[in-house]
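Colleague: Chains A, B, C, D, E and F, in that order, give the protein sequences.
Heads up: the first sequence begins at 0 in numbering that gives the first Met the number 0, then just goes up one per residue.
Heads up: the second sequence begins at 0 in numbering that gives the first Met the number 0, then just goes up one per residue.
Heads up: the third sequence begins at 0 in numbering that gives the first Met the number 0, then just goes up one per residue.
Heads up: the fourth sequence begins at 0 in numbering that gives the first Met the number 0, then just goes up one per residue.
Heads up: the fifth sequence begins at 0 in numbering that gives the first Met the number 0, then just goes up one per residue.
Heads up: the sixth sequence begins at 0 in numbering that gives the first Met the number 0, then just goes up one per residue.
Everything hinted at is true.
With a cut-off of at most 27 Å between alpha-carbon atoms, the simulated DSSO-like pairs for lysine-lysine come out as follows:
#1 B/6 to A/4
#2 E/257 to C/313
#3 B/295 to A/295
#4 D/295 to C/295
#5 A/245 to D/81
#6 C/81 to D/295
#7 D/81 to D/313
#8 E/66 to E/327
#9 C/4 to D/6
#10 C/245 to D/313
#11 B/295 to B/4
Keep in mind the hints are simulated off the structure, nothing from the lab.
Protein chains: 6
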Amino acid sequence: MSEPKFKIPDSVLSGETADIYFERTREILRKEGLNPEVTMEIFPSHSGILCGIQEVEALLATVLPEKRQVWALSEGDPMERKEVVLRITAHYDSFGLYETAIVGILAHCSGWATAARQCVEAAQGIPIIAFGARHVHPLVAGVMDYSAIVGGCAGCSSIAGAKLAGITASGTMPHALIIIMGDTATATLAFDRHMPGEVPCISLVDTFKDEAEESLIVAEALGGRLNAVRLDTPSERGGVTADLVKEVRARLDLAGFKEVNIFVSGGITPERITHFIENGVPVAGFGVGSYISGAKPIDFTADLHEVEGRPIAKRGRIPGITANPRLKRIM
Amino acid sequence: MSEPKFKIPDSVLSGETADIYFERTREILRKEGLNPEVTMEIFPSHSGILCGIQEVEALLATVLPEKRQVWALSEGDPMERKEVVLRITAHYDSFGLYETAIVGILAHCSGWATAARQCVEAAQGIPIIAFGARHVHPLVAGVMDYSAIVGGCAGCSSIAGAKLAGITASGTMPHALIIIMGDTATATLAFDRHMPGEVPCISLVDTFKDEAEESLIVAEALGGRLNAVRLDTPSERGGVTADLVKEVRARLDLAGFKEVNIFVSGGITPERITHFIENGVPVAGFGVGSYISGAKPIDFTADLHEVEGRPIAKRGRIPGITANPRLKRIM
Amino acid sequence: MSEPKFKIPDSVLSGETADIYFERTREILRKEGLNPEVTMEIFPSHSGILCGIQEVEALLATVLPEKRQVWALSEGDPMERKEVVLRITAHYDSFGLYETAIVGILAHCSGWATAARQCVEAAQGIPIIAFGARHVHPLVAGVMDYSAIVGGCAGCSSIAGAKLAGITASGTMPHALIIIMGDTATATLAFDRHMPGEVPCISLVDTFKDEAEESLIVAEALGGRLNAVRLDTPSERGGVTADLVKEVRARLDLAGFKEVNIFVSGGITPERITHFIENGVPVAGFGVGSYISGAKPIDFTADLHEVEGRPIAKRGRIPGITANPRLKRIM
Amino acid sequence: MSEPKFKIPDSVLSGETADIYFERTREILRKEGLNPEVTMEIFPSHSGILCGIQEVEALLATVLPEKRQVWALSEGDPMERKEVVLRITAHYDSFGLYETAIVGILAHCSGWATAARQCVEAAQGIPIIAFGARHVHPLVAGVMDYSAIVGGCAGCSSIAGAKLAGITASGTMPHALIIIMGDTATATLAFDRHMPGEVPCISLVDTFKDEAEESLIVAEALGGRLNAVRLDTPSERGGVTADLVKEVRARLDLAGFKEVNIFVSGGITPERITHFIENGVPVAGFGVGSYISGAKPIDFTADLHEVEGRPIAKRGRIPGITANPRLKRIM
Amino acid sequence: MSEPKFKIPDSVLSGETADIYFERTREILRKEGLNPEVTMEIFPSHSGILCGIQEVEALLATVLPEKRQVWALSEGDPMERKEVVLRITAHYDSFGLYETAIVGILAHCSGWATAARQCVEAAQGIPIIAFGARHVHPLVAGVMDYSAIVGGCAGCSSIAGAKLAGITASGTMPHALIIIMGDTATATLAFDRHMPGEVPCISLVDTFKDEAEESLIVAEALGGRLNAVRLDTPSERGGVTADLVKEVRARLDLAGFKEVNIFVSGGITPERITHFIENGVPVAGFGVGSYISGAKPIDFTADLHEVEGRPIAKRGRIPGITANPRLKRIM
Amino acid sequence: MSEPKFKIPDSVLSGETADIYFERTREILRKEGLNPEVTMEIFPSHSGILCGIQEVEALLATVLPEKRQVWALSEGDPMERKEVVLRITAHYDSFGLYETAIVGILAHCSGWATAARQCVEAAQGIPIIAFGARHVHPLVAGVMDYSAIVGGCAGCSSIAGAKLAGITASGTMPHALIIIMGDTATATLAFDRHMPGEVPCISLVDTFKDEAEESLIVAEALGGRLNAVRLDTPSERGGVTADLVKEVRARLDLAGFKEVNIFVSGGITPERITHFIENGVPVAGFGVGSYISGAKPIDFTADLHEVEGRPIAKRGRIPGITANPRLKRIM
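Generate coordinates for the entire structure from the input sequences, incorporating the hints supplied.
Modeller: So this is what it looks like as structure tokens:
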């Protein structure tokens, strides 16, 4: 994946997205004439996959003065609970206001990337596609999908996320297309007719008929041009079971469609992925939605550990620089 | 709270934040010359507090043609699992692309508002302040805090959220101010000196000393001008316990500072609020962070139920308009 | 239901089905010249519904001499744990050999009747049909279904059971009929054509197609002559869910088939019946299989409490007649 | 054990024990003139020990025409969940009516055999005797005990079961004998006097006195002719504990009766057997009752997989022959 | 019960049983010339029954100077978690050394009394006899049994405990007497012969024979002079069950010994007492051993709350006198 | 540790602490003229560490006649459930009265020693000091601490316990000293001034201020003479956490006080010790209170197994001498 280019929006740079007490702190310290050089250390409350550090770097590059030192782990690195992942030394006035944004970016993105990684590890090589844009506010749909890619997903559904990650978005067809066209085979033929060759033809086969029956109808209608079917059975119909996938596979094979793949989506979690894997279910890819997009953020804490070179810390923390040989200087 | 004015960003209007299959569907249907009038119904996967509907209304007002009908519940309404909260009748081409954004806004905002409501109900009248901006990506810090206000919070920490909700942001002081000024009393005196009269003087009393000792030192330093202390004891020191608040209260009272209030923050959840309430702990307000900001989105589903006036639905759903007398026509 | 006539098979009367030590005991006592008048009391290890007592009565009537007293509760009576349900006073040689058969009949039949009663109570008036003949040895298929009727079932699937209970057996159609005829509508039309008028036309609608789709196809093919559909979705397809029944109901209603009922079968238990009832699911009847037919027998114990009029008992039991005013003299 | 000879009763051959819909299906298909050659496959819902297949073979040998193929696993074979254990290819009219009986025999017998096997494996070589005839209907007492022998039991108590299995039934003496004779030693002496030499003299020692006391009294009365004692302490007296057996063993040894064995019965399960084994309790044999006889049947399913040579199957199953190299052709 | 007279042993008065740091503190304060008047408050860590306060009062009466105030709850009072049960105001040197003894007496005695009360409440009027002297060091056997009486027990087994409580000790006979005399009836006759009339004749009936058998033998041997039997079946024989007591009762009644009572002992807990009560078991008294004698002490804490009249307290406690209107001045 | 000298108090020798039925038994047997030689065996109900056997030996040496044999395990030996740990052969009249005291001493002392051993094993070499004298009656404070030393504790707080164990008692300073002197540093300086050189100077640092702050203040005030600090944070302040110890360590190190050790006390259990060890927390010693002193006694049973050389035993036990090669003859 190519290098993302994060642009920091004005609402962040203006301090509007900050906790108000940082704005007040800036005002008080300015009136007191205080602007010491400080060292801030940032660490997570749980272990996981670090994500968002590139966007934070873009923010820091914008606001920090020339005299600064920034040390960090890299995008996608594993991190331990309480491990320092970012250390900033600079005059406080230049970046104190952005503490809310810095820890917020890391919290949200690392939460998503960590959940994605859990799915990827469970899948043992079978690709995971992030399908969760529909469960988050559109302002973060892109950065959520980007984080999922950092966590190891092979693709994502949102155009914005794919752009950030430097890949092409993935997608089959929504139920709406089939309902409007009135029939799954008709809709799939239209898809095949109008989409460019590089878009794989994957049909969604649970809209009107039994999945196995529909799979055969579509495969026959498309001839050799059907790449895959996607099973997305709703919970009202029992969801997608291991037995269902095996049966669809067997019926496709019996009818001579061995080359048609099967994708599975709908309520997928690492536990269910493991269940499919352990039962030897022939899945070509999993679409994962809210397990990734609804992952709880991993809270980060920012602490001052030095002021003008003197070790200091609040109660509960240890004064002075915390050694972490994994950190690399990035600025 | 005044009426928020939501502005839909270009990235949403352009379809960039959409799942790519909606863009492809638009292209296919246009090439097929299909643009039927359809009715889409949207419902949540769990019960809770509906939030985000005003932002969705702003989006629909921008994109829908004159010929349309939109029915909805109102911002902040309670909603049942699977209850239809929004029904749109219009030509599909005008809004199909925005399905991802519509359900994403509702999912994320309703998740936050519902979690806020749980805290508010547990607190039985004691105000809840949303402090969670630091745990979400800054692009949604404002809309998260706005949702918390919709859920019943009395205030929030981010400037952006307060602006959306038409109130003033709340905040005391961060540990950084105290660490830089070297002493809690000194920092609180500076706060009192430079902040306008309408900002209440609330001191954070767990930075360097025992909370009870620090409370008395600050109260004495400020004389009658200290409004409250905030206890935010880190988990490394056992967190804020019911006994601690009672003791600080008793020691303040013994020293004649009966008018100084006590705010509590740090890992607050509805269960912990209930524990404080049941033990008669004298808390003036709770600051709640990740319980609200890290709430799991409440997934919403959008289904077509009519095409050109004919009832239709995918398997697992019931064709035709779903009766819901609570819906009001908003467009 | 009419009075069953139980015929005791030769294998029972010859003592072949007995535990061998009862045969040996008969031989020893005869050689010792002992044949006292004894009183035997029989009680269950758990509470439940008493069943099998009519068959036991038929056995006793065959083997007991004129000089005898038999007291018992009635077929279908509720019984408490350790309550005496049968008391026999007669010379031991006449019936000692049949202890195995007597307690075996009561154990097996009461187990089935008790499980049936649990379903019936959960269903709150909706009829329960016993479908479990296929899970027991055919030698007891009839007596199992008879016991289910004693427990409150409205019907049963085996011809033998129905005969014992004096009713007509119930049944729709097996998957085999549909598979052989190749199509559900075709099979249902044949059923309608060849079955006499008093057999209700109930179609099994999960063989080849989605249940809702198939229900509409069959209802249309049969015109007004379809009495009901039966949903029996296999676990590989998620089983029959509450939502599925509601949807089939709605789709039948939308198409004008309000008079077509819905029967549900497949893994039905009292818990699942309660779940359907509590969710207001419009079910016309439940088919229950292994919950009834696989019910654990309720073990019964037979103890001698008097020998030649003297109270006696083994350790752990109380000598002499155990008072139970609910017992009626039947012989 | 010798080869059992199963005789199929008329009530089965006449179809009386069948589900009525199979009788109706036969009538409909005959009226439609349909009698295709079909392939039926039968598989269990859980893993276990296959039993009943010899009786099913006897049934099929009676009813199938010359043109048929039958493949099966053998009596007593282990089987996996969903593994095909029986495959029949023949014209449907010849055997369709017997589906209820076929799966019923396999379900009930395999349930018993599997429970027996669990006891046998727990006992690590110590013999298990099936004592459960008293908990089932006498019509199946024999086939139940036969199934227990197939599962690995060393003996059974019913004469009918022993006959089917080609062995001699096992048994000690019932409490009734002792109560009638008034004294355990007297009863045991009578037993010894009248029983032929090949019946081992085993006394039941919990009727009137403490088990240890009674064991010594009987051993002394019988001199060297006592083979064993059986402990069957009722739950009202705490059941048989590991410590009790050890003490009886020690007291017999102290009195010089080292050759007298100890049998244990009463509420025995695999867990309790394991407990005895792990505590090194010197047990010569376990009598197991309702754990085996009350075992839940293992439900079997019969599916058509071919009609006139064409692969077919209902939803949830895979059309065509299911490969299973373990099957052997038996007809 | 009469008023106990506690005598404080020299080892306590000399400070030998104290924690050494109190001895060191006395030395340091004396060398510093410090001996302020202080107020100490003492409270328990759990709710329960206060016991030991009379012994503590005896200690304080011995060591405190004339100028002192002591407030306390009374022996046997219920107390809440953290409720002040004792407040001492006096010069520190006079009593500081005894803090270990004061809280130790209250902790151990209140633990025993509280456990006794739980049994008494479960028994709903049936007398409880404390039998636990054999599970504690003999130095505290008396004070343990005294505490059990304070908690509500009707009697105790140790002579020392009975003396402290002003009652007569209770007891039947040990197994040793029966084993030495060789027979339960013989031993009971000897007991009856040599014990004065006011000692009730209660026989222990589980030594050599079945309890029911032995009860009848002893009752017949004693004629009308047997007061009761005690069942103490060891766990190796399943312990005393509800059914056993009912059976012994029935057999005694059948034999005309309605006036012979039944006492139960062996592993008795409040839960088992409740089980007997709920099953209507005719028990005349329960002997309770290790549930009472092995009760965990209820830890007490002693805190200084005033020094020379000034409120003070360590962190975690509230300075100054803690109001408790239930306290009465006792010195 | 040197050899303890146990003196048996008159209240034990007089039989006052005995269960009254042993006194009565003595009287009855004397009046019957019975005083056989008997063998008594004593065994525990659970495995653990044997303690109290030396005190029992002192008692037996006082009361047994010349003609006797006593076999036993040694003080501190591990013992199995039901293993004979003491066997006495002598005329019954000489020692029967002391059964209550013998099993009581073993029960209480072994309970304490076993709990101590669990802490010692968890601590993997870090010393454990018994601090629980304040939770038991002062009459057993010494023997409790002695038992803790037998179990492996490195020290104890009571003077009496240390004397029994032949060591010097351990202790730091109580909160009372600090509260009276008004300040932790002042109190620690006084301690240092007045205590002899061999008493290590350990300061209790949680009385008035944050533990880390106070540790630094005291260390600075004492210069190089501070041996250690003790953390004993009350539960109202979250107790002592692993993070707290690490932070205090770090702050002491930063300030140059690497030689000052840290002791931890307050609610310590084996589980919490393991937690500290697993997290690499630098603790120099643990003070354990109620986990040891409130340990449940391990009940012991005393059974007669021979009378005048004849094997005998009550039901549930095995007559005759129980072989145990680990026993050594001690008298």
